[in-house]
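> Protein chains in written order, with the working numbering: chain A, 1 to 400; chain B, 1 to 307.
Hint data in this document are derived by calculation from the structure and do not stem from the laboratory. Where hints are given, some of them may not hold.
As the list claims (entries may be wrong) - DMTMM-like, lysine to aspartate or glutamate: derived pairs with alpha carbons at most 25 Å apart: (1) K88(B) <-> E390(A); (2) K210(B) <-> E5(B); (3) K210(B) <-> E27(B); (4) K6(A) <-> E75(B); (5) K16(B) <-> D205(A); (6) K111(B) <-> E390(A); (7) K136(B) <-> E390(A).
Unchecked claim - Listed next, the stretches of chain A that the computed footprint assigns to chain B, with coverage defined by at least 3 CB atoms under 8 Å from CB atoms of chain B: (8) 202-209; (9) 278-288.
Claimed, not checked - Listed next, the stretches of chain B that the computed footprint assigns to chain A, with coverage defined by at least 3 CB atoms under 8 Å from CB atoms of chain A: (10) 72-83; (11) 98-110.
Backbone N, C-alpha and C define an ideal beta-carbon position, used for all residues, glycine too.
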Amino acid sequence: MNKTMKIIQWEVMRNLRNKQFIIGLLITPVIILLFAGVPKILERFDKPVVHKYLVIDEIDILESVSESIPIENLILDRYEGEREEVSAEVTERGFTGYVILPANFWEAGSIEINYKERNQIGERVLQSLLSGYLQQHRMQEFEVDAAELQYLTANVELDLKPLEEAVVPQVNEIIVSAVFLMLIFYLIFSSGSMLMQSSLQERRDRMAEIMLSSVRANQLMSGKIVGQFLLGMMQLFFWIAISIPAVIYFLDFPVMQALAETNLLVIGLFGLFGYLLFSSMFVSMGATMEDMQSAGNSQGLVMLIPLLSMLFLTPVISNPNGVVSRFASIFPITSPFLMVLRNAITQVPVWEIILSFSLLFLSALLVIRLAGKIFRIGMLMYGKTATIGEIFHWLKYKEE
Amino acid sequence: MYGLEVKNVCKTFGSKRVVDKVSFRAEGGQILGFLGPNGAGKTTTIRMIMGIIAADEGEIKYFTDSGQKNGIPSESIGYLPEERGLYKEARVMNVLQFLAGLKNVPRSTVKERAVVWLKRFDLSDYAHAKVEELSKGMLQKVQFVASVLHQPQIIILDEPFSGLDPVSQDMFKAILRDLAQDGAAILLSSHQMNILEELCDRIYLIHEGKEVFNGTLQEVKEKYGNYRVNLTLSRPDGVEKLLSTPIIREYHKINETRYMISLEDGVVPGEFLSSIDKQLPVQELSLARSSLHDIFVRIALGGVENE
């Protein structure tokens with residue numbers, strides 16, 4: 001086993017033995033379930049208030065109206081007692097109010113609603129329902145046929161036909177790509193901060209010199225990057241393994257079909273090289289810091305670089321083939337996220353994907369090389385956090 | 001015979017030359033004291049030997065009976081740096097296995113050797129303890145074990161005694177002697193001159209990146225170690241004539257009757273004794289070579305730079 005492999009193994013095992021990691025692994029799905037599931041459960045308990053009205057029906061249509069009410073929480077109850085006592089009855093039985101369907105309804109077209117509290121939805125439903133009865137009654141008066149009326153008042157129907165099949169957004173592909181985007185984002189941020197901490201810890205625990213006397217700085221750095229990548233992937237696979245059955249069971253979403261419809265190669269390549277680009281930045285910045293408090297200063301800003309993609313999110317979604325979207329999906333800092341998103345929303349020309357990936361690949365190689373220099377020198381500088389000026393100075397050192 | 005040879009090694013950071021034509025040999029079976037004031041270039045030299053940073057000029061060679069090669073194989077060298085630590089949250093045996101694994105020692109062998117070493121340091125009960133549970137002295141012992149577990153032929157120790165109590169210091173000294181006796185070449189950098197005097201076969205003195213001295217302890221004393229005299233008189237009379245003779249470099253008057261006198265370089269005891277007036281009321285007189293400590297202080301203050 002070569003030395004990089006030994007470091008990868010050590011990084012993985014060190015974290016797998018770490019209680020915080022295990023708790024995070026198990027607790028995160030629980031937290032996600034809580035956030036997603038609790039509102040659903042609450043919704044079940046939180047049934048809408050039922051509004052009941054007493055009805056003085058002088059035109060004898062209550063039975064028919066009651067049957068046509070389209071909502072569950074509006075109940076009409078016939079009142080046959082004394083008119084003077086109806087108000088007291090409403091209070092006594094805890095009803096919302098009482099309604100009078102007067103004998104002159106067909107001519108006047110109005111009803112009286114006496115309420116203890118307003119119930120605007122119920123009032124609208126009653127209004128629209130009784131309007132139907134009123135219109136029908138009046139049509140019969142004018143001897144207009146119902147079919148004729150429908151013909152006269154019909155809405156225009158829109159018949160939508162796409163010219164090219166591919167332009168139609170594949171909903172499944174967008175959903176799968178969005179999920180993968182979130183996972184890549186999570187992987188970069190969680191592994192990124194772990195990496196930053198890992199090199200910072202190596203420095204803080206004064207292990208750097210001992211390690212560098214046995215392995216080359218590049219071996220140590222790549223061992224850390226790959227180790228944290230594997231840990232991140234373990235987390236993601238664990239969570240995906242839990243969530244796929246849950247998604248199939250609860251959401252009735254065709255997971256396998258959706259995966260088959262998605263360009264996983266593009267997602268995989270852009271995700272992997274995006275991870276390498278950002279993680280090498282993070283690990284080298286960790287090597288320049290003395291403690292986590294320093295993460296608040298300029299080095300900490302490096303953590304924000306992947307967030308630049310957020311600035312282009314709206315343009316890419318609203319106009320995926322515009323100049324801004326095309327730039328953002330080719331520029332190496334934003335392309336790992338935005339090419340994946342754009343490719344899901346629209347048909348991206350193959351040459352653009354190849355150009356974008358080539359730029360990302362070259363940038364990742366360049367950043368890894370520069371990060372290697374910063375890492376090697378930073379790890380041996382004890383006792384202080386390096387300034388940005390010093391870091392730029394290190395970059396000028398010739399390769400050793 | 002194994003060993004390490006450093007030949008005309010130079011290193012410049014920015015415009016400052018921190019190591020300038022440093023050359024020495026550390027041979028198997030010997031302990032080489034590597035000393036110099038803070039900022040003299042010791043750590044940079046050691047880091048170049050370890051391959052952590054590259055030398056701008058010169059050669060660092062590893063030699064055996066069968067020949068020599070450039071650079072020292074990582075498996076053949078053990079290193080205890082001055083700035084040292086261990087992964088706090090890891091367990092002692094796991095760290096030892098990991099670090100020895102990086103030197104290509106099989107896991108089972110590491111375990112066998114680690115058990116022996118931990119027992120020698122009376123740390124058997126801590127083999128599976130977390131590093132953060134160890135005291136400073138225990139931690140230092142574990143760090144030392146980590147640097148020798150792969151049985152290196154060359155061992156570089158930077159301030160191995162700092163923070164150790166006298167009992168542990170004696171234990172370390174005995175172990176270093178044993179390792180040298182078993183054939184290891186040991187490069188020992190320390191500011192504890194008394195320990196270096198006790199342990200080292202040879203001394204390499206460096207100041208401002210340059211070699212000041214390279215030789216045996218006896219040679220360094222002969223070259224820089226002038227004689228020191230402690231003189232006590234029965235009454236405070238007649239000492240002025242003696243103190244004004246040119247063979248005396250300087251003196252400190254401790255009280256009316258006690259003096260500490262430093263002779264000029266090259267002045268031998270007989271010369272001093274013959275310059276004492278027979279009438280001088282000497283009550284006590286002792287005469288000895290300067291200690292390594294005194295020589296070091298003179299070098300640190302620049303007193304021997306151009307000698």
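> Check each numbered hint from earlier against the structure, then list the numbers of those it violates in ascending order.
1, 5, 6, 7 and 9
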